[in-house]
Amino acid sequence: MRRRRIRPVWRIPSLAAWLILAVTLVAAPAQGLDLEDTRHLLDRTGFGVRPADLSIFRPLTRSEAVARQLMPPTTEQPAPEWAEQRPFPDRRWLKTLPDAERRAWKTSYRQRRRDQWMELKAWWYRAMLTSDRPLTERMTLFWHNHFTSQLRAVRSPQLMWRQNALLRRHALGSYRELLRAIVTDPAMLIYLDGRRNHKRQPNENFARELLELFTLGEGHYTEADVVAAARALTGWTLDPASGDARLQSRRHDAGDKTLLGRSGPWGADAVVSILLEHPRTAELVVEKLWREFVSPQPDPAEVGRLSGLFRESGYEVRPLLRELLMSDAFWSAENRGSLIKSPVELIVGTLYRFDLPLPPDKQLISTGRRLGQDVLDPPDVKGWPGYLEWIDANRLIGRERFLRGVVRDLEDESALAGRSWSDLDTSVMLRLLWPLSGSAAQSRVEESGVRRRLIAAILDPRYELK
Amino acid sequence: MRRRQLLQSLAVTAGAGWLSRFAAGATSPPAIARPFGSLVLVELKGGNDGLNTLIPYADPAYYRLRPNLAVAREQVLSLDEHLGLNPALEPLWPIWQDRQLALVLGVGYEEPNRSHFRSIDIWETGSDSHEVLNEGWVSRWMPASARGTEDLPDAVVLGNADGPVRGGGLQVISLKTPEQVVREAARLEVSDTLSADREALAHILAVRRQLRQTGSELKQYLAGFDDAALDLPKSPLGQQLKQVARMLLAGMKIPVFQVRIGSFDTHNQQRARHDRLLAQLAEALAAFRQVLLAAGLWDEVVIMSYSEFGRRVAENAARGTDHGAAAPHFVLGGRVKGGLYGEQPSLSDLRRGDLQYRVDYRQLYTTLARGWWGSSGAWQQRYPTLDFL
Numbered sequence: 052m053r054r055r056r057i058r059p060v061w062r063i064p065s066l067a068a069w070l071i072l073a074v075t076l077v078a079a080p081a082q083g084l085d086l087e088d089t090r091h092l093l094d095r096t097g098f099g100v101r102p103a104d105l106s107i108f109r110p111l112t113r114s115e116a117v118a119r120q121l122m123p124p125t126t127e128q129p130a131p132e133w134a135e136q137r138p139f140p141d142r143r144w145l146k147t148l149p150d151a152e153r154r155a156w157k158t159s160y161r162q163r164r165r166d167q168w169m170e171l172k173a174w175w176y177r178a179m180l181t182s183d184r185p186l187t188e189r190m191t192l193f194w195h196n197h198f199t200s201q202l203r204a205v206r207s208p209q210l211m212w213r214q215n216a217l218l219r220r221h222a223l224g225s226y227r228e229l230l231r232a233i234v235t236d237p238a239m240l241i242y243l244d245g246r247r248n249h250k251r252q253p254n255e256n257f258a259r260e261l262l263e264l265f266t267l268g269e270g271h272y273t274e275a276d277v278v279a280a281a282r283a284l285t286g287w288t289l290d291p292a293s294g295d296a297r298l299q300s301r302r303h304d305a306g307d308k309t310l311l312g313r314s315g316p317w318g319a320d321a322v323v324s325i326l327l328e329h330p331r332t333a334e335l336v337v338e339k340l341w342r343e344f345v346s347p348q349p350d351p352a353e354v355g356r357l358s359g360l361f362r363e364s365g366y367e368v369r370p371l372l373r374e375l376l377m378s379d380a381f382w383s384a385e386n387r388g389s390l391i392k393s394p395v396e397l398i399v400g401t402l403y404r405f406d407l408p409l410p411p412d413k414q415l416i417s418t419g420r421r422l423g424q425d426v427l428d429p430p431d432v433k434g435w436p437g438y439l440e441w442i443d444a445n446r447l448i449g450r451e452r453f454l455r456g457v458v459r460d461l462e463d464e465s466a467l468a469g470r471s472w473s474d475l476d477t478s479v480m481l482r483l484l485w486p487l488s489g490s491a492a493q494s495r496v497e498e499s500g501v502r503r504r505l506i507a508a509i510l511d512p513r514y515e516l517k
Numbered sequence: 069m070r071r072r073q074l075l076q077s078l079a080v081t082a083g084a085g086w087l088s089r090f091a092a093g094a095t096s097p098p099a100i101a102r103p104f105g106s107l108v109l110v111e112l113k114g115g116n117d118g119l120n121t122l123i124p125y126a127d128p129a130y131y132r133l134r135p136n137l138a139v140a141r142e143q144v145l146s147l148d149e150h151l152g153l154n155p156a157l158e159p160l161w162p163i164w165q166d167r168q169l170a171l172v173l174g175v176g177y178e179e180p181n182r183s184h185f186r187s188i189d190i191w192e193t194g195s196d197s198h199e200v201l202n203e204g205w206v207s208r209w210m211p212a213s214a215r216g217t218e219d220l221p222d223a224v225v226l227g228n229a230d231g232p233v234r235g236g237g238l239q240v241i242s243l244k245t246p247e248q249v250v251r252e253a254a255r256l257e258v259s260d261t262l263s264a265d266r267e268a269l270a271h272i273l274a275v276r277r278q279l280r281q282t283g284s285e286l287k288q289y290l291a292g293f294d295d296a297a298l299d300l301p302k303s304p305l306g307q308q309l310k311q312v313a314r315m316l317l318a319g320m321k322i323p324v325f326q327v328r329i330g331s332f333d334t335h336n337q338q339r340a341r342h343d344r345l346l347a348q349l350a351e352a353l354a355a356f357r358q359v360l361l362a363a364g365l366w367d368e369v370v371i372m373s374y375s376e377f378g379r380r381v382a383e384n385a386a387r388g389t390d391h392g393a394a395a396p397h398f399v400l401g402g403r404v405k406g407g408l409y410g411e412q413p414s415l416s417d418l419r420r421g422d423l424q425y426r427v428d429y430r431q432l433y434t435t436l437a438r439g440w441w442g443s444s445g446a447w448q449q450r451y452p453t454l455d456f457l
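In the order they appear, the protein sequences are chains Z and L.
First residue of the first sequence? That's 52 in our numbering, and the numbers climb one at a time after it.
First residue of the second sequence? That's 69 in our numbering, and the numbers climb one at a time after it.
One chain only, chain Z, in its complex shape (with noise of 0.2 Å):
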């Protein structure tokens, strides 16, 4: 509700904007969040601080503002308009087809398909821009690098539509459910051949990853955990006219297996059980979530604290992503701008925060592509490994690339115009836009013109961190 009423304030002229920031900085109560403050928290949670950000979060308490991330979306962005269709095409009435009809019929087919394609990773790029709380989409994200899955390989478009959901719903939610919805996932019994693994020959790729990304890491099983586990979800495949994933008991292995020493009749819901009952688990996601908020290096001690809280709490995420972001480490200055943005919250983050319009699609994508960030196509299985792989020689001048483009965008002094931006003074301006302060490269942004020390600013390599 109160998310609503921003637009219209970052609208209004100028001289009326200053005034109302002026007041929120001088009139704050003291436990409130200051500049940095407010900048770190939506820098790492969500895709950056607009000016006319500060008025919400400068009277909130840390504790407030966190719980203020942490809220569910009040609105949803509507499903692709394709999203509920048939996931594969019918092949019974293909056939029925004439040649010449069925061949044109397939021509048009996969065209469609490739552009629903682009219209799904647009529409998830489009979502981050415009959620009323980022931190869902970047959770979605998150749990995407997590439980990947590639759309190339996957095909439909439907069916990844419906795995983004799924990661969408479960983003702050419990993790135990998502792990058991992602087990069975359409998407996922495509990518990883979870389909084809049937008890006359277990596959085992599906499983393999189950343990060694998504829950156990490595190490900390045997082969034979593998094949039991292999073995306790054979059977599943997907329903052709629906997509939907059922359970074939004929090609299910109903007989006893042990798993991390744990032996029954083991099936889809036992493995998860008998996984969520391993402290790594709660550990591996609690390091995973360490380096996308706090850190590239996790504290072991507060990685304890926090897997046992997470235990504890049945795998429930915001409670855990709450400790998360009110522990010391997350506030701590030596963290802050210790992390590299990826090329989503670098192309995300630079609209949002000038309030830019998304480029076309197709140019969307590939910049993102460009950058080393192909939305719902991971490299592989492991997904993006982040951080410092953000940057290498072509990518950083992709991402110089893509500012220079922007800031062609904000050259037209219309388009600044009525924007925040161009009230501030040059040090709170900065102090948005960096996590990190240095008096002397600042004298150089101190040019003239709201644009020139915008554009400098934007194009410094501080603009990468966050």
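Just so you know, these hints were derived from the structure itself, not from any lab.
Fair warning: this is a prediction, and the values are worked out from it, not measured in the lab.
A hint or two may mislead.
Unchecked claim - With a straight-line cut-off of 20 Å between C-alpha atoms, the simulated SDA-like cross-links for lysine to any residue are:
no., chain 1, residue 1, chain 2, residue 2
1, Z, 433, L, 236
2, Z, 157, L, 335
3, Z, 433, L, 201
4, Z, 157, L, 453
5, Z, 157, L, 387
6, Z, 433, L, 200
7, L, 244, Z, 420
8, Z, 433, L, 235
9, Z, 157, L, 227
10, Z, 433, L, 237
11, Z, 413, L, 229
12, Z, 413, L, 227
13, L, 113, Z, 204
14, Z, 157, L, 184
15, Z, 157, L, 181
16, L, 244, Z, 414
17, L, 244, Z, 454
18, Z, 413, L, 330
19, Z, 413, L, 405
20, L, 113, Z, 166
21, Z, 433, L, 208
22, Z, 157, L, 301
23, Z, 146, L, 390
24, Z, 157, L, 391
25, Z, 413, L, 228
26, Z, 157, L, 182
27, L, 244, Z, 453
28, Z, 433, L, 227
29, Z, 146, L, 386
30, L, 405, L, 453
31, Z, 146, L, 330
32, Z, 433, L, 336
33, L, 113, Z, 161
34, Z, 433, L, 198
35, L, 321, L, 441
36, Z, 413, L, 387
Starting from the known structure of chain Z, fit chain L onto it as the hints suggest.
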């Protein structure tokens, strides 16, 4: 001192792959035992129809399966009594006659994947059909001794995406023209006053400085280099190869270039489109060779084609072809031993309507690795080398 410490500290982290070379180089410069050479990879994007490229004109099955698409026997440029080139490839004929064009027949892999995306991943990483690798085959197999000089990139991609040179710590730059990189690098903000006490910022600054260095290096090579006489076709591939030629003639020792031409995804009305693409390909390559010959550089270059798959043997109802499997590929250059290699797949022994491969595609890679880069490894036993280099 500080720079070196910085680079060394970066080199131990996973993300700083290509920097490690400079850190190591600070103490022990890499020995370059072989004359320098550049590999030019030509991607035939979309899946090239091998059967209409290198035509089994003596096989009646070819004419039976392709009533509309077949190239008439009398038009084929015959290489022997069974096979001949599509006449659109006529510009390559002098190279064939000079024995500098190798055609490798029936290239493919076990359990071929028919998805563009997946199969090109397989080709570019050198993986098995069901194996997923995240580093390109060049990144994995090119030895340190074959890499370029410190301030030039290891690989230049004309256009976007890294393909076979992705990952593995290679310094890759994609560009349309080298001047573009010179311009962009010169504009990079490299602040000396920033204290890089954070690993993240230190990494970003190191990459920026390196790129600045690369930019000024490229600029020096290009200064005083006159390329007005370079005559390459106006086609997209011709213009990409023109940039490659410019960089080579300017003396840049860049070990890998990648160019691409497409789309070969000819599901309908194939004949005219495919012939046009082949003509563009052949004209561009022939002109590229002429330029390099005149500059005395033809012996320092080897060119190899690749594509995600060949196409279905039987034509479809739209006078096109669908995704297939094995196909021929070409390798050419001054040091290449021309001729036919491998074995033409049979038109009567198809699997799911597709040709069965005779040469694993990685045999091309191991042959290049041994013959061009002088490297050897256990993978050469697995994928025996061919004799074209």
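Q: State the violated hints by number, sorted upward, taking the hints as numbered earlier in the document.
A: 4, 9, 19, 22, 28, 31, 32 and 36
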